[in-house]
Amino acid sequence: MYKDEALERVRQEREKWEQGGLKKVLSRFPEQKESYENSSGVDVKRVYTPEDIAGTDYVEDLGFPGEYPYTRGVQPTMYRGRFWTMREYAGFATAEESNKRYKYLLEQGQTGLSVAFDLPTQIGYDSDHSLSKGEVGKVGVAIDSLADMEILLDGIPLDKVSTSMTINAPASVLLAMYIGVAEKQGVPLSKLSGTIQNDILKEYVARGTYIFPPAPSMRLITNIFEYCSKEVPDWNTISISGYHIREAGSSAAQEVAFTLSDGIAYVQAAIDAGLNVDNFAPRLSFFFNSHLDFFEEIAKFRAARRLWARIMKDRFGAKKDKSWMLRFHTQTGGSTLTAQQPDNNIVRVALQAMAAVLGGTQSLHTNSRDEALALPTEDSVRIALRTQQIIAYESGATETIDPMAGSYYVESLTNAIEEKAMAYIQQIDEMGGAVKAIEQGYMQREIQDSAYRYQKAVEEGRQVVVGVNQFQIAEPAPEGLLRVDPSVGEQQVKKLQELKARRDNVAVQTALDELTAAAQGDDNLMPYILKAVKAYATLGEICDRLRGVFGEYIAQDML
Amino acid sequence: MEKKLRILIAKPGLDGHDRGAKVIARALRDAGMEVIYTGLRQTPEQIVNAALQEDVDAVGLSCLSGAHNHLFPKVVELLKERGAADILVFGGGVIPDDDIPGLKVAGIREIFTPGTSTESVIEFLRSNAQQ
Amino acid sequence: MLNNNRPAWWEGFLAGDMRSLARAISAAEDQPALAHAALAELGGRLGRAHVVGITGPPGAGKSTLTGRLAQELLSRGFSLGLILVDPSSPFTGGAILGDRLRLPDISGDPRVFVRSMSSRGSMGGLSRATGDAIKLLDAFGKDVILVETVGTGQAETDIVSVADSVVVVAVPGLGDDIQAMKAGILEIADLFIVNKADRDGADKTERELRSMLRLQEQAQGEWDVPVLKTVATSGQGIQEAVDTLRAHYDHSEKSGGLRERRRNRIRMEINDLLGARMLRELRQQMTAADLAAAADRVIVGEITVYQVVDQLWSLFANSAVFILRGV
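Residue numbers (our numbering), protein chains in the order written: chain A, 1 to 559; chain B, 560 to 690; chain C, 691 to 1017.
None of these hints come from the bench; they were simulated from the model.
We put the CB at the ideal spot given by N, CA and C, even for glycine.
Check each hint, because a few of them may be wrong.
Said to hold, decoys possible - Under 10 Å between C-beta atoms, here's a sample of chain C residues computed to sit facing chain A:
#1 749
#2 751
#3 791
#4 792
#5 793
#6 794
#7 797
#8 863
#9 886
#10 923
#11 924
#12 926
#13 927
To be verified - Derived DSS-like pairs: lysine-lysine, alpha-carbon spacing no greater than 25 Å straight-line:
#14 A:494 to A:133
#15 B:563 to A:133
#16 A:230 to A:191
#17 A:531 to A:495
#18 A:24 to A:3
#19 B:563 to A:456
#20 A:494 to B:633
#21 A:3 to A:23
#22 A:33 to A:23
#23 A:184 to A:534
#24 A:456 to A:495
#25 C:894 to A:436
#26 A:500 to A:531
#27 B:663 to A:133
#28 C:919 to A:436
#29 A:191 to A:103
#30 B:639 to A:133
#31 A:33 to A:45
#32 A:160 to A:191
Unchecked claim - Pair ranges (Cβ atoms, derived):
#33 C:977 to A:46: 54 to 62 Å
#34 A:46 to C:926: 39 to 47 Å
#35 A:131 to B:656: 25 to 33 Å
#36 C:811 to A:427: 29 to 37 Å
Start from the sequences, fold in the hints, and give me the full structure.
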């Protein structure tokens, strides 16, 4: 981007500065840290100049928003056309409670829903299962059947509100329930807009809510791709996630690398299942973390977009531009929240949210200040939502697209992260792909090593966590935290009994039997799951049938 | 011969977040202890079985899903039933301060909340987990 | 030998209490003299279990395989002891014992006892305590004892010193695994299992093993070392593997091979115990400071290590004679 003579002049002046003014100051005042390395292992320089991006070509490497390689964003007008979707992840206790919280958030100006399910639901167990004891409604809403889903979405117009559902192993079932509710509302499937997370690979690596082994899980995922490409064309069939990988302790470069590797595996699986890449790729979406290092995060988002665009075009030969676009949702980093001095978290979240916006996210969840301790109260989540609104309406950050472009630091970091991520992806390719890498425990080990290093850095004081290892105060226990009523478990059990008494149990058994037979064959399972769901088969009943055919995954943890 | 401390680190219930448990396991190993890590989705019965067979000095329970009030006391109860009340039980995870007194009454000796250093866990075990 | 100093777990052990067994194994690790005294009294109960050693490189899926073999053995009515060995950290002496979690859930079955043991710095990958733990499980009444080892260093050859049947697990696609297999591994195997046999290269691995086996002489009375294929995660090949293991055990019993192996093991064990005991006694003649001083003298060339040992030995020999002759 710069003429050689100009660069040469910069270099000379820089060396003069290094030997002159800089040297003088350094000899009297050493810098605060001995090494300034970021999470990705990039050595952060004191100062960046045009020299650092001499090899970067504006047109080839940056381009324009909405055009390959999408470094600057996936839409030509970005936030000037429409803000990112503000969607706070929410759900707890019963469908009735969560429905109330969704209505509150929509009233407060949230523009999309994000459903959190409890662990039994995420792992395909009904609320009356022995393993569900103590877990029902705790980390999200308990959904045992279509009946619960109807309550959850009561009064919410599915043709107007897009809904993201954080559900993975049983995603097919929850999607079927969503469709069931839409049909009851009279909304045509072509009008439904939303996302299911549906990313099983990261469950094996970092999140733990798997049910079946990899092969049948991939089958379910590709079934969903195929079904939605025909029936629910505006639905994002997967949210390939890096958020959890980062939360488990990875670096920023690893977050990009492992996520895109998982993405490569899904694309390949779908192609192997006979789907045309341009028929499903436009509906793939991603989910990233927005973590501590402000500029590293912005660079990370840009690097991810450029890298994915190149992978889709060059490696998979996708022809449609929509297939090349990496669209993503972001959540601010939960693991950066502190239990000590919780109001500080508001500041952390604001910075992280800003980084996500400057990184061009399509959708954003901001954490609440009390989330190191409990699920958020109404007041806390309102502040989190206001954080997004203030950035959108007051900060000016949305008035131009990709404002950080051209920064010597950010462009240099974008290049560095892309390079490091590429190296990891190559290594994973050599292992035979993401599934093999996971089987061998490669990703897990890298993440754990990174997590341990970070812990050591915090305990040795090299990484300051404000309020935790420095600037501590003596503080009373926090008050007014959200508590989930422990009777939720019993309420759900009762609901289940009532459901099973009033539904047509013969129809349920028939549907389940048909599903079981189909699971043993090669048919797309979505229609069978839909039938069972509409007959009010429970989530547990459906998943148990699938467990019978597919088996269960036994974790192969490596420590 | 110096007796090595044997510690069971367990993830009871359905919670799949194991970063903390694994970091603690490593730290204890680096402090010279033998750590048996159970992996995810352990029932209280499985945890107690393992604790007995491995003849551990202490059991550490990690739970971030809010199910600790049900699961942790169940482990203590089962250990008592099996005649192993002498095995020290401690815990960590996302546990509100309000719940800690109740857990201690139920027999969990110590709860380590977010922000705890691994050093404090090591110290606690060295001082308390003796047979 | 125990006389009045019976450990607290003695009665429970004899009565079949699980926690007592666990405590006995801990004694083997922490109070070896006590454990040995207990084993001396339990002598009559030893020798009834079928001890199976399972070894192989990391990544071969040994833990999953061990778990599946255990499930199959359980379904055939055998009571089981499992010992899972993991390496200890050479720097801190600590260890993370994570093999247990890879087993399918068999620990709830009262007929199964699973114990994780650290190699406790032993070079061979199996600590002396592991051998004692196996004996305790045997004396406790377990029909089959599965010992899964680290699979690096000398662990593979160490397993021979404790096992009646040795299973070596290979896995296709780990580079030139067969060529890389250390010398000695071919000789110790009673059964080769090619695990993850659904992978590319499984047939090739199987063929290579078979051809290498053909080249080697039959050492032990005509047991043809078989090569089996398994997919431990799905259970494929497991029944055949267990059939083969039990067939090996029967064959060894009938042919006298089992007795011969155990005789060899006992001979080795006597040597080891004797050596360890003598070392302990000898070391009592010399403090750490003495040892350091001797080392310094060797460094400056005043004396050689051989002379140091000779001097120590004559000290010991004299004092031993002293004691024996009751002077």
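Evaluation of the provided hints:
| no. | hint | in the structure |
| --- | --- | --- |
| 1 | 749 | holds (6 Å) |
| 2 | 751 | holds (8 Å) |
| 3 | 791 | holds (6 Å) |
| 4 | 792 | holds (6 Å) |
| 5 | 793 | holds (8 Å) |
| 6 | 794 | holds (6 Å) |
| 7 | 797 | violated (13 Å) |
| 8 | 863 | holds (8 Å) |
| 9 | 886 | holds (9 Å) |
| 10 | 923 | holds (7 Å) |
| 11 | 924 | holds (8 Å) |
| 12 | 926 | violated (12 Å) |
| 13 | 927 | violated (16 Å) |
| 14 | A:494 to A:133 | holds (14 Å) |
| 15 | B:563 to A:133 | violated (35 Å) |
| 16 | A:230 to A:191 | holds (13 Å) |
| 17 | A:531 to A:495 | holds (21 Å) |
| 18 | A:24 to A:3 | violated (31 Å) |
| 19 | B:563 to A:456 | holds (23 Å) |
| 20 | A:494 to B:633 | holds (24 Å) |
| 21 | A:3 to A:23 | violated (28 Å) |
| 22 | A:33 to A:23 | holds (16 Å) |
| 23 | A:184 to A:534 | holds (10 Å) |
| 24 | A:456 to A:495 | violated (48 Å) |
| 25 | C:894 to A:436 | holds (20 Å) |
| 26 | A:500 to A:531 | holds (16 Å) |
| 27 | B:663 to A:133 | holds (21 Å) |
| 28 | C:919 to A:436 | holds (20 Å) |
| 29 | A:191 to A:103 | holds (21 Å) |
| 30 | B:639 to A:133 | holds (21 Å) |
| 31 | A:33 to A:45 | holds (12 Å) |
| 32 | A:160 to A:191 | holds (8 Å) |
| 33 | C:977 to A:46: 54 to 62 Å | holds (56 Å) |
| 34 | A:46 to C:926: 39 to 47 Å | violated (60 Å) |
| 35 | A:131 to B:656: 25 to 33 Å | holds (27 Å) |
| 36 | C:811 to A:427: 29 to 37 Å | holds (33 Å) |
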